[in-house]
Structures are given as C-alpha cells and as structure tokens.
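Protein sequences appear in the order of chains A and B.
In terms of our numbering, the first sequence is residues 1 to 112.
In terms of our numbering, the second sequence is residues 1 to 113.
There could be a bad hint or two in this list.
Stated by the list, open to error - Now the in silico label distances, taken between C-beta atoms and shown as ranges:
id, chain 1, residue 1, chain 2, residue 2, range
1, A, Pro79, B, Glu18, 28 to 34 angstroms
2, B, Arg80, A, Lys68, 40 to 46 angstroms
3, B, Ser66, A, Ser74, 36 to 42 angstroms
4, B, Asp62, A, Ser51, 29 to 35 angstroms
5, A, Leu112, B, Asn52, 48 to 54 angstroms
6, A, Gly16, B, Gln64, 46 to 52 angstroms
7, A, Gln107, B, Lys83, 36 to 42 angstroms
Everything labelled a hint here was simulated from the structure, so no lab data went into it.
Positions of the beta carbon are idealized from the N, C-alpha and C atoms, including for glycine.
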Amino acid sequence: DQQVKQNSPSLSVQEGRISILNCDYTNSMFDYFLWYKKYPAEGPTFLISISSIKDKNEDGRFTVFLNKSAKHLSLHIVPSQPGDSAVYFCAAHGGGGNKLTFGTGTQLKVEL
Amino acid sequence: EPEVTQTPSHQVTQMGQEVILRCVPISNHLYFYWYRQILGQKVEFLVSFYNNEISEKSEIFDDQFSVERPDGSNFTLKIRSTKLEDSAMYFCAITGVSTDTQYFGPGTRLTVL
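Chain A on its own, in the form it takes in the complex (with noise of 0.2 angstroms):
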C-alpha cells in the first residue's frame, strides 16, 4: 500500500544548482506534508512542510510546492550545496490518526 511515493530513488545536481526533489501521494486526506533529510545511521531532520490549504511554502533554500489536484508536491533546494547530500523523504500526515506516511526517500548527491 504506497500511499506516499517518491519515483527517483537517486539524483545528481552539481554544486549552485537548483535540486527538485519528487512526490506522488494517493490519499486525498492527507492534510499535511513534510520534507525530511536523513543521513546514514542518523534520524530524519524536519526540512519544510506545507498544509494542503497552501501551494507553496518557502524557507530559506528550501521551497516546497503543492499541487493538490495533481496529488503531487515537490521540493526545491537552491542553490544546492555538498552538504545537502543525503537522503530525502517525503512524509504525509493525515488520513485518520497522526501518523506519518513516508515515501521510500531520494538519494541526493550535489556535487562540487
């Protein structure tokens, strides 16, 4: 049951460039969605989120978008830096209960 998808598992960007991170969702009533980045042996860091009220939400180089008839949303990093290296997931709150619903998380190399 993949309620919360994220299609690419890897992604290379070099350094100044812009990074789009993807997901896909089926259930329409999620009300909430997060963006976390993990690095190996470490939990999930809160990035950004975004109620499912808004299209778009910003912070900082981060800027996270809604599309809500597409049930699809998307992360945007730039500039990207080395540091942003790590692995991304999307998470959706909502759908009975608080609970989190992650996706399966995109590798994100940014390269000098």
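Dock chain B against the given chain A, drawing on the hints supplied.
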C-alpha cells in the same frame, strides 16, 4: 526544535530475547511515536502514544511489541521475543507546538542474531 535522545544507540541481541529501547525527550510532550526503518526500506509507523495511552498502531505492532512511559519522562518500546526480521533502526518521534510536525531522535540500531 524539540530534542529527543534515544538509548542505546546500538543493541545486539539473540533471537528470542527481550529488548527495551528508550526515548527521552528533553522537555515534556504529550505525543510520542515509534517508527522503524529496515535497511534499504522506507520509514514505517509503529505506534503513537498520547496521554499515557496508545492512540494508534500499525499492523506491524503486534503482541510482541509494547510501549509505556514508566516514569513520566522516558518512553520505551519493548519487543518481547525478538525475531531476525526485527533488525532495523528504531526511531522515536515527538511533536512540538504543532502536532502536525514530528521531530525524530537519532535512532537505535537493533541487530537480532
């Protein structure tokens, strides 16, 4: 951002043994969660705990699992009789002012031999 620590960082155990994983939030919180991540897979929800009661659990959270808050601060996950497939990273999470955003601890790596 709320902080939470977890102990131990790594636990190795024999199949069939009981393990207790601990989560210690830095400040008082009402909502607690446990998630796990099997190597190479996505993070999966196990259980949520609110006001000293389980509020929601997944189908993974069977009778072998239990949670409690023994002293008002620690939050524990117990696996009574571990199986090989319980090997995973286990993450505790808490919510901040907004219950929509969950903040994760560093995790406990559980290895069942």
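Evaluated hints:
{"no.": "1", "hint": "A/Pro79 - B/Glu18: 28 to 34 angstroms", "result": "violated (49 angstroms)"}
{"no.": "2", "hint": "B/Arg80 - A/Lys68: 40 to 46 angstroms", "result": "holds (43 angstroms)"}
{"no.": "3", "hint": "B/Ser66 - A/Ser74: 36 to 42 angstroms", "result": "holds (39 angstroms)"}
{"no.": "4", "hint": "B/Asp62 - A/Ser51: 29 to 35 angstroms", "result": "holds (34 angstroms)"}
{"no.": "5", "hint": "A/Leu112 - B/Asn52: 48 to 54 angstroms", "result": "holds (51 angstroms)"}
{"no.": "6", "hint": "A/Gly16 - B/Gln64: 46 to 52 angstroms", "result": "holds (49 angstroms)"}
{"no.": "7", "hint": "A/Gln107 - B/Lys83: 36 to 42 angstroms", "result": "violated (29 angstroms)"}
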